[in-house]
Amino acid sequence: MGKIEIPLGPQHPALEEPESFNLLLQGERVAAATVALGYNHRGMEKACESRTYIQNIYLLERICGICSHSHSTCYVQTVEQIAGVRVPERALYIRTLIGELERIHSHLLWLGIAGHEIGFMTLFMCSWKDREVVMDILEMLTGNRVNYGMNTIGGVRRDITPEQAEEVLKALDVLEERTKYYTKVATEEVTIISRLSGVGKLSNEDGLRLGAVGPVLRASGVARDVRKDDPYAAYANLDFKVATDEHADVFGRTVVRVLELMESYKICRQVLKEMPDGSISVKVPGKVPAGEAMSRYEAPRGEDLHYVKANGTDMPERVKVRAPTLANLAAITHMIEGGYLADVPIVIAAIDPCFSCTDRMVKVTDLKTGGEKKFDWDGLRRYSIDFYAKRGVDFRNTSIGKEER
Amino acid sequence: MKSAGRMIPYLISMLVKKPDTVLYPYVHANVPEHFRGALKFDQEKCVGCKLCQRICPTGAIAIEKLENTEEKRFKAVVLMDQCIFCGQCVDSCPRKALENTENFELASLDRKTLKVDI
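Read top to bottom, the protein sequences are chains A and B.
Here the working numbering runs 4 ahead of the position in the first sequence, where the first position is 1.
Here the working numbering runs 15 ahead of the position in the second sequence, where the first position is 1.
Hints are computed from structural coordinates only; laboratory data are not their basis.
Owing to the predicted nature of the structure, the values given are computational and were not obtained by experimental measurement.
Hints are supplied without guarantee of correctness; some may be wrong.
To be verified - Taking lysine-lysine and the BS3-like style, the derived pairs with C-alpha atoms no more than 25 Å apart in a straight line are:
id, chain 1, residue 1, chain 2, residue 2
1, B, 111, A, 184
2, A, 245, A, 174
3, A, 188, B, 17
4, A, 277, A, 291
5, A, 313, A, 291
6, B, 65, A, 188
7, A, 174, A, 133
8, A, 205, A, 133
9, A, 277, A, 174
10, B, 65, A, 287
11, B, 32, B, 65
12, A, 291, B, 65
13, A, 291, A, 232
14, A, 291, B, 111
15, A, 287, A, 270
16, A, 287, B, 33
17, A, 133, B, 32
18, B, 33, A, 133
19, A, 174, B, 33
20, B, 17, A, 184
As the list claims (entries may be wrong) - Listed next, the stretches of chain A that the computed footprint assigns to chain B, with coverage defined by at least 3 CB atoms under 8 Å from CB atoms of chain B:
id, segment
21, 53-59
22, 123-136
23, 178-190
24, 341-349
Cβ coordinates follow ideal geometry from the N, Cα and C atoms, glycine included.
Could you build the full structure based on these sequences and the hints that come with them?
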């Protein structure tokens, strides 16, 4: 049988996010798959170098629209490590609470997306309806639905009042009941079981070899969780289990996420019960002493990693972000290969991808020769100015063209 | 028990319930207390230190001196299309001259109207 190569993406291959996959098909089966990163590079790491530490919190929060608290917490943890700040206990508990509420909203969102991908629109509508409950709670606690802006260097910006805690507990009861219902639906509904079982297999060894993270790895039976392995915030004082599953396929990933939801409710209740009194932040000077640090955070999608290098000024010299999706990309190609073309969207969606968080480069393909080329910043600038000059739009005499020339 | 159509009983029960959505522009949508909406500026309190202007992550706020006033008075010029509603200026203001309101209906068809003096 002949092989044909087809592109999947870059427009919304699975979720509403751009990423390009090249699939080599043999009949209906995928013989080989490659990921072509570089469709949505935003240059955020570079932008961090020209902003102060405080301003970067808000920039990095906008890496991801769903795990915004994860990125900002991971970043402030890194900066606090360099500056040697001791964050008040209460602030750590509040960070943990918001982090867990975010995990709840992210997993409910994923459950809906998974339903959408397999054509089970009822599940999509219902889980997104219930997600509104936790979104409202987050809005009440932080002042915004998506970009919470809860973190600041040295603590958090808002305190939680007893009345708010009461509201959160009420919402948790509702959500827990609904999650129990979804657990029942996910494990008993035959359309879900037969559609997801055996799809996108990732064995225990392969998961570890390819460096998968988060629920993808935990669904392969590896109990790896930064919250347990390298506790940050208040997780060292909390009692919770790391949810794992042995199915090692998309169905297993669904089960792991639903189980994690139940653990998150448990964590939230503990946090609200055990939250100590005291201040919520300490004052940190704008200038951070020279040094470098790295910090890890268990985002809903897996391990998030931030690296910051400080040079003694009020702006960092380098900020490096490794979003969880980047770690899972190697596993994606492995999971797609050998499967059916129709399974590709759900397998991609099953890692809960966040492609815009992942993109780190721009690749230029010459359509005439098919050659690929890498550019540095100045090179790309020169190339674009010449590109437009050939087509009659001359930037060379304007301020854009003159700069750096 | 494994079977198909596990969500059907729930769906039938939903038929007799009120819709979860609201007809937004006709029904007012409520936001919680301390929502980070449009900014409010108090001229009486501002001392013109420009901390907000320096800390703003997007450069959306500028403090300008008012002419023809007896005392030193300032006004805030906010570029609503650049403001990300993070509320850092409110946190940074030493005199609490800035405040977030609950107003979130800020859409406009004309970009010029998004530069506002408050």
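Right, here's what the structure says about each hint:
no.	hint	in the structure
1	111/B - 184/A	violated (46 Å)
2	245/A - 174/A	holds (23 Å)
3	188/A - 17/B	holds (10 Å)
4	277/A - 291/A	violated (36 Å)
5	313/A - 291/A	holds (13 Å)
6	65/B - 188/A	violated (57 Å)
7	174/A - 133/A	holds (17 Å)
8	205/A - 133/A	violated (30 Å)
9	277/A - 174/A	holds (14 Å)
10	65/B - 287/A	holds (20 Å)
11	32/B - 65/B	violated (53 Å)
12	291/A - 65/B	holds (19 Å)
13	291/A - 232/A	violated (32 Å)
14	291/A - 111/B	holds (24 Å)
15	287/A - 270/A	violated (32 Å)
16	287/A - 33/B	violated (49 Å)
17	133/A - 32/B	holds (14 Å)
18	33/B - 133/A	holds (13 Å)
19	174/A - 33/B	holds (21 Å)
20	17/B - 184/A	holds (16 Å)
21	53-59	holds (count 4)
22	123-136	holds (count 5)
23	178-190	holds (count 3)
24	341-349	violated (count 0)
Hints 1, 4, 6, 8, 11, 13, 15, 16 and 24 from the list above are not met by this structure, while the remaining hints are.
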